[in-house]
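Novice: Listed below are the residues making up each chain.
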Amino acid sequence: KNEVEQSPQNLTAQEGEFITINCSYSVGISALHWLQQHPGGGIVSLFMLSSGKKKHGRLIATINIQEKHSSLHITASHPRDSAVYICAVNSGNQFYFGTGTSLTVIP
Amino acid sequence: KAGVTQTPRYLIKTRGQQVTLSCSPISGHRSVSWYQQTPGQGLQFLFEYFSETQRNKGNFPGRFSGRQFSNSRSEMNVSTLELGDSALYLCASSLGVGTGANVLTFGAGSRLTVL
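In the order they appear, the protein sequences are chains W and C. Each residue of the first sequence is one higher than the last, beginning at 702 in the working numbering. Each residue of the second sequence is one higher than the last, beginning at 117 in the working numbering.
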């Protein structure tokens, strides 16, 4: 079983579109992370959330602890946003990852 | 300031050999965590070190081990390599202990190929 589920697996958008990536988890958590991975492997931490909502530039992350669900929104998407977005959660002493959402933004 | 540095970036080993990977955290960061990424299993947590002590451990066999030095640099070792150990190994550093309490900064990874 997967402790963290992401949807969609793949997403193609036109430049300028509003994008939403969803993450659901089945375990109790202390924090949820959104990560971005570009081709070549490097991972960047976008957000760490334990409640509510965070915004950084065109990126917004929300979390609903009761529903065990988080969303990552990208406003005014740009080709440079093309990457794999990974949701990860801390549960006790463990760290579980989703399988990622591959986003392609077409100019 | 310098980011998280992993060495080597690429390496090729044969089955049965052992390998040691190194991770130098951001200056001032005392926690280092390690992850394995494969096409089939995705990202998986290996272990976390803080102040030279292993604090958390993922579900990997004992062939995977690590340590942390007094300067916070960390190494991980995989003994008796298997084909399935071929993967990208990533480390991340953070200020304090607990991947749930601190933002992580990742290195570029070490890509291991086992033949």
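Treat the hints with care, as some may be off.
[Stated by the list, open to error] Heads up, simulated SDA-like pairs for lysine to any residue below, C-alpha to C-alpha not over 20 Å straight-line:
1) W:Lys756 x C:Lys129
2) C:Lys173 x W:Thr721
3) C:Lys173 x W:Tyr797
4) C:Lys173 x W:Ser731
5) C:Lys173 x W:Gly729
6) C:Lys173 x W:Lys754
7) C:Lys173 x W:Gln795
8) W:Lys756 x C:Asn218
9) W:Lys756 x W:Thr721
10) W:Lys754 x C:Val219
11) C:Lys173 x W:Gly793
12) C:Lys129 x C:Pro155
13) W:Lys769 x W:Asn794
14) C:Lys173 x W:Val728
15) W:Lys755 x C:Pro155
16) C:Lys173 x W:Asn794
17) W:Lys755 x C:Lys129
18) C:Lys173 x C:Arg183
19) C:Lys173 x W:Ser792
20) W:Lys754 x C:Asn218
21) W:Lys756 x C:Thr221
22) W:Lys755 x C:Asn218
23) C:Lys129 x C:Val219
Since the hints were made in silico from the structure, they are not lab data. Just so we're clear, the structure is a prediction, and the values are computed from it rather than from any experiment.
Novice: Next, verify each hint and record whether it holds.
Specialist: Now for the hints, and whether the structure bears them out:
1. W:Lys756 x C:Lys129: Distance ~43 Å between Lys756 of chain W and Lys129 of chain C Cα, so the pair is violated.
2. C:Lys173 x W:Thr721: 32 Å, violated
3. C:Lys173 x W:Tyr797: The hint holds at about 12 Å.
4. C:Lys173 x W:Ser731: Satisfied, since the Cα-Cα distance of roughly 17 Å is no more than 20 Å.
5. C:Lys173 x W:Gly729: Answer holds: Lys173 of chain C to Gly729 of chain W is near 18 Å, not above 20 Å.
6. C:Lys173 x W:Lys754: 29 Å, violated
7. C:Lys173 x W:Gln795: 7 Å, holds
8. W:Lys756 x C:Asn218: 17 Å, holds
9. W:Lys756 x W:Thr721: 14 Å, holds
10. W:Lys754 x C:Val219: Holds - the C-alpha atoms of Val219 of chain C and Lys754 of chain W are around 16 Å apart, at most 20 Å.
11. C:Lys173 x W:Gly793: Holds: Lys173 of chain C and Gly793 of chain W sit about 11 Å apart, inside 20 Å.
12. C:Lys129 x C:Pro155: 19 Å, holds
13. W:Lys769 x W:Asn794: Given that 20 Å is the threshold and the Cα spacing comes to 18 Å, the pair holds.
14. C:Lys173 x W:Val728: Holds - the C-alpha atoms of Val728 of chain W and Lys173 of chain C are around 17 Å apart, at most 20 Å.
15. W:Lys755 x C:Pro155: Violated - the C-alpha atoms of Pro155 of chain C and Lys755 of chain W are around 30 Å apart, more than 20 Å.
16. C:Lys173 x W:Asn794: 7 Å, holds
17. W:Lys755 x C:Lys129: This hinted pair is violated, its Cα atoms lying about 43 Å apart.
18. C:Lys173 x C:Arg183: The hint holds at about 12 Å.
19. C:Lys173 x W:Ser792: Given pair Lys173 of chain C, Ser792 of chain W holds - Cα atoms ~12 Å apart, limit 20 Å.
20. W:Lys754 x C:Asn218: At roughly 17 Å apart (the allowed maximum being 20 Å), Asn218 of chain C and Lys754 of chain W satisfy the hint.
21. W:Lys756 x C:Thr221: 19 Å, holds
22. W:Lys755 x C:Asn218: 15 Å, holds
23. C:Lys129 x C:Val219: With Cα atoms ~33 Å apart, Lys129 of chain C and Val219 of chain C exceed 20 Å; violated.
In the structure shown, a violation is registered for the earlier hints numbered 1, 2, 6, 15, 17 and 23, in ascending order.
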